[in-house]
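Could you build the full structure based on these sequences and the hints that come with them?
Protein sequence lines correspond, in order, to chains Z and H.
By this note's numbering, the letter at position 111 of the first sequence is numbered 111, and the numbering carries on one by one without gaps.
Each number in this note's numbering comes from the position in the second sequence (counting from 1) with 1000 added on.
Careful: at least some of the hints might be erroneous.
What the hints assert, rightly or not - Subject to a maximum C-alpha distance of 25 angstroms in a straight line, what follows is the list of computed BS3-like cross-link-like pairs (lysine-lysine):
1) Z:Lys175 to Z:Lys158
2) Z:Lys2 to H:Lys1116
3) H:Lys1016 to Z:Lys175
4) H:Lys1201 to Z:Lys2
5) H:Lys1048 to H:Lys1071
6) H:Lys1201 to Z:Lys9
7) Z:Lys36 to H:Lys1136
8) H:Lys1011 to H:Lys1116
9) H:Lys1022 to Z:Lys4
10) H:Lys1022 to H:Lys1011
11) Z:Lys2 to Z:Lys94
12) Z:Lys36 to Z:Lys49
13) H:Lys1022 to Z:Lys94
14) H:Lys1143 to Z:Lys36
Just so you know, these hints were derived from the structure itself, not from any lab.
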Amino acid sequence: MKRKNLIQKFWNYLLLFITLIVVVFVLGIIIYLIVKGLPALSWEFITQKPEAGMRGGGIFPAILGTLYLIIGTIIFSLPVGIFAALYLNEYASKNRLTRIIRLSIVNVSGVPSVVFGLFGLGFFVILLKFGKSILAGSLTLALLILPVIITASEEALKTVPDSYRQASLALGATKWQTVIKVILPQALPGIVTGSVIGIGRAAGETAPIIFTVAAFSQPNLPNSVFSQVMALPYHLYVLATQVPNAPENIQWGTALVLLLLVLFFTIAGTVIRTRARLRKVNL
Amino acid sequence: MLWMEKFKKSKFRIFKTFLISKFVFINGIISIVVLGLILAFLIYNSLKFFSSYPFFDFISGTRWSPTVNEKFGFVPLMVGSLEVAFGAILIAVPLGIGVAIYIGELAPRLVRETLKPIIEVLATIPSVVLGFIGLKTVVPFVKNIFSLSIGLTALSGSIILAFMSLPTIISISEDAINAVPNGLRNASLALGANKWETTYKIVVPTASSGILAAVMLGLGRIIGETMAVLMITGNSPRIVFSWLQPVRTITATIAAEMGETVQGGLHYSALFGIGLVLFLVTFLTNFTADRFVNRIRNII
Chain Z
1 MKRKNLIQKF
11 WNYLLLFITL
21 IVVVFVLGII
31 IYLIVKGLPA
41 LSWEFITQKP
51 EAGMRGGGIF
61 PAILGTLYLI
71 IGTIIFSLPV
81 GIFAALYLNE
91 YASKNRLTRI
101 IRLSIVNVSG
111 VPSVVFGLFG
121 LGFFVILLKF
131 GKSILAGSLT
141 LALLILPVII
151 TASEEALKTV
161 PDSYRQASLA
171 LGATKWQTVI
181 KVILPQALPG
191 IVTGSVIGIG
201 RAAGETAPII
211 FTVAAFSQPN
221 LPNSVFSQVM
231 ALPYHLYVLA
241 TQVPNAPENI
251 QWGTALVLLL
261 LVLFFTIAGT
271 VIRTRARLRK
281 VNL
Chain H
1001 MLWMEKFKKS
1011 KFRIFKTFLI
1021 SKFVFINGII
1031 SIVVLGLILA
1041 FLIYNSLKFF
1051 SSYPFFDFIS
1061 GTRWSPTVNE
1071 KFGFVPLMVG
1081 SLEVAFGAIL
1091 IAVPLGIGVA
1101 IYIGELAPRL
1111 VRETLKPIIE
1121 VLATIPSVVL
1131 GFIGLKTVVP
1141 FVKNIFSLSI
1151 GLTALSGSII
1161 LAFMSLPTII
1171 SISEDAINAV
1181 PNGLRNASLA
1191 LGANKWETTY
1201 KIVVPTASSG
1211 ILAAVMLGLG
1221 RIIGETMAVL
1231 MITGNSPRIV
1241 FSWLQPVRTI
1251 TATIAAEMGE
1261 TVQGGLHYSA
1271 LFGIGLVLFL
1281 VTFLTNFTAD
1291 RFVNRIRNII
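In structure tokens:
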């Protein structure tokens, strides 16, 4: 009996130890990044162009480029993703096609990001002649996060009670009116949460944008959707591996800005969700 | 003539409903279209390579030197990918399943609620940032500990990739553990087993197919990961059977070389070719994992 409990204690502590390794690693990364990157952050760093072959100045064009890509990605992925989820949750019947759609979603989310880059290059950049551009890059990123948005939207739609649908239909509303005026507003906080987190992921992706939009150095700000831009993730890659003797603090500063940008989306998503929950409770 | 108007209106309404349902349907099947387009494009762009370069030389060639003498041997890249992935799985599986069991089954509620968001944060760190941190910390660490001349090795890549795959492995394993019905736990406890015996004799075996799926999905992420391996595994397309040597993975090859190819050339087409191989491998991994996930859903 004693032995049994001793074994239990041993495993409890061992698994706690393993968990702590992972937690310490995660916290360690973030704290280390903040400690190393914070000294580089300044108003000039985020508002000025790179100078002296990226060995000085700021990273403003890369930040702006990433923001443009985020906007483009939202425009291309959000509506399609939401309607796809609406189809699956409100319109589709349980048949073979629906199963294939679900399987495709799982598989699209498993496609390596570099393969998205290849596809974007072959399809958007070359075949559709968009060139290396914000347009091609945003479209590629939009495809990449489509599964995230569809899945999140569907989860949100599932939480809308059936009685709402029935009530709306009973009042004479058409299916479309029910979907647009009753179901979507109810599901919106959930949809936004999932999508915002997905978009944060897109903002940090590098491999899909290398061939489709990212410029090694493009200090001039873009003037159309067909412009190339610098982007934060690619800029970090370039600084870390392609620019000999790039100052350490610029590298760490860029990494920190990128992480903060991505974390901003994650936290924003979580806050939206929490507030929506609170509001529902108050009702 | 009121009925005429009404008739027209309703006809328009039917037409509108028809249009809307078609519109929603088109959006609904978008993921099939995307998946199909990706596959079609990889095949289309790699046709030139597979039709002009002997397939046997590709699949069994031991040299990848596309620019010097147009040799496209796949073996060094495959070995590189497998080495890094194998090392990463070796590290990630015990860690990931351990954490999942602890958080899902053993930890007190408060501990669980604190730890889960921390691990979720790991999933949001972009791979290029993890690669960068690996470059600054893991690479010098590996270099010093094994007194190597260069720290850009397969092992460095494995370590970073292991942590990258952890969120996937942990969250899906934990889902599988949570899905085990409480009746099983209670029955086991009632028979006199303690918490730990219940965990490893009842809960974990019941959740095993879900845990297996989690590991496979993690493996899929590891094989497809690009930026971190590009930055820290050294990028040397030679066949080496040591974790302490630089290697070059399939993904890193595509990312590193696509920029310098001629559009439509043999090298360009070859990179789409290895992209196709990569796509098929990850597709199979995910497909199989999905099967396991569905199976556990059906059991419970």
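Each hint tested on the structure:
no. : hint                   : result
1   : Z:Lys175 to Z:Lys158   : holds, 16 angstroms
2   : Z:Lys2 to H:Lys1116    : violated, 32 angstroms
3   : H:Lys1016 to Z:Lys175  : holds, 12 angstroms
4   : H:Lys1201 to Z:Lys2    : holds, 19 angstroms
5   : H:Lys1048 to H:Lys1071 : holds, 15 angstroms
6   : H:Lys1201 to Z:Lys9    : holds, 16 angstroms
7   : Z:Lys36 to H:Lys1136   : holds, 11 angstroms
8   : H:Lys1011 to H:Lys1116 : violated, 54 angstroms
9   : H:Lys1022 to Z:Lys4    : violated, 63 angstroms
10  : H:Lys1022 to H:Lys1011 : holds, 17 angstroms
11  : Z:Lys2 to Z:Lys94      : violated, 54 angstroms
12  : Z:Lys36 to Z:Lys49     : holds, 21 angstroms
13  : H:Lys1022 to Z:Lys94   : holds, 17 angstroms
14  : H:Lys1143 to Z:Lys36   : holds, 21 angstroms
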